[in-house]
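A.B. asks: The lines below spell out each chain.
2 protein chains.
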Amino acid sequence: MRLAQLSERSGVSAATIKYYLREGLLPPGRQVNATTAEYDEEHLRRLRLVRAMIHVGRIPVATVREVLGHVDDGSLGRTIRVGAALWALPQVPEPDDEDEFVQSAHREVGTLLDVLGWENAKQLTTISPAYRQLVVAVAAFRRLGYDWDTELLVSHAKLMHQAAITDLDFLETHPSEEEKVEVAVASAVLVEPMLQALHRLAQEEETARRYGFE
Amino acid sequence: MRLAQLSERSGVSAATIKYYLREGLLPPGRQVNATTAEYDEEHLRRLRLVRAMIHVGRIPVATVREVLGHVDDGSLGRTIRVGAALWALPQVPEPDDEDEFVQSAHREVGTLLDVLGWENAKQLTTISPAYRQLVVAVAAFRRLGYDWDTELLVSHAKLMHQAAITDLDFLETHPSEEEKVEVAVASAVLVEPMLQALHRLAQEEETARRYGFE
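Residue numbers (the numbering used here), protein chains in the order written: chain A, 1 to 214; chain B, 1 to 214.
Take the hints with a grain of salt, since some may be wrong.
The list cannot tell twin chains apart, which means a pair is met if one copy fits it or any two copies do.
Below, a list of computed lysine to any residue pairs in the SDA-like style, where the Cα atoms sit at most 20 Å apart [as the list claims (entries may be wrong)]:
| no. | residue 1 | residue 2 |
| --- | --- | --- |
| 1 | Lys122 | Thr79 |
| 2 | Lys122 | Tyr211 |
| 3 | Lys180 | Ile165 |
| 4 | Lys180 | Leu152 |
| 5 | Lys122 | Ala14 |
| 6 | Lys158 | Glu192 |
| 7 | Lys158 | Glu38 |
| 8 | Lys158 | Leu168 |
| 9 | Lys158 | Glu42 |
Source of the hints: derived by calculation from the structure; they are not laboratory data.
Please build the complete structure, drawing on both the sequences and the hints.
C.D. replies: Shown next as structure tokens:
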């Protein structure tokens, strides 16, 4: 398809597509003559992913380029390709490992991973930003003196594991390896705000069920 | 307790506590003489909530003051007090109701609420920011051409409902009405980053289980 059609099918303006091409977020089309290039379904898919990251995830262009570099690195296995792409997404502040609450949160999350039997996650603790984000969140709870017990953490972790299984099952329905990796990254960006909204809505529903509107 | 002790027990510096007092985020202590005031457990609890909102939730001081106004409004029922407090938290951009994807997302979320039997949430669609956030998230998915089916949405909603039930059960363990409302608001701020981290970690675990590290 031509640029105009790519624009029409994606809902992204021609000027924005040209900007993405210049910034290297979209691979160049196949040049058919001096002024015309031909684009295909792969361009359309990539354009969706770029839109998801920039418009929904509000991720800076330089970070998007970095994420796409990992997505396209066929020399890596899928876990690492998806992982590296997710790890390039915006992250929360790093935990301060000198802090006593952070130190005890490391231990608490370690116990959690043991209880859950998340052997792979345990191997990734030194490199995974998700692990560090969890340590920061647990330390915040404890520092504020909330006595949330580890059982609650285990219960929430199991729910999130179920959500991840559902997401990955959906991923499997995409035919090519490239699509699987791309959809994994787009889902991370798109599913998180959805889960957050569903959680807030569920809290409203359950609060009203228990206490009514009076 | 005196200010120094409140500072020690909360881990918040005396200067910061004085700032919160000036800003009206913390009620004044009971004046025992011209230069000394006495603080109690209620001040400690309120200080935790303020810290959760400002430090973990990164919520502006003016918004914190607004949220606390709702938390303290005993004339409202608990559902509305908690709801009003949560609704004052930072929100995602509003949906553009002229947009065709937003219009179809309204219908899709309507169907979702019917399927789930969330009768209370259905009554809140005109005022709930969580509902609007969900509409925005669903519209983003559809606009990008992802064919996530409604069943997946239902499955994630059920998981989030389970998380909300767990959170509210925990809430019930707090004795007073004031504490219940305060902990509900603090949990919203603290649980969201935790769920997000658990979701990302679960994705890593499940991806590695399925595809290994090669």
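A.B. asks: Quick check: which numbered hints come out false for this structure?
C.D. replies: Hints 5, 7 and 9 contradicted; others consistent.
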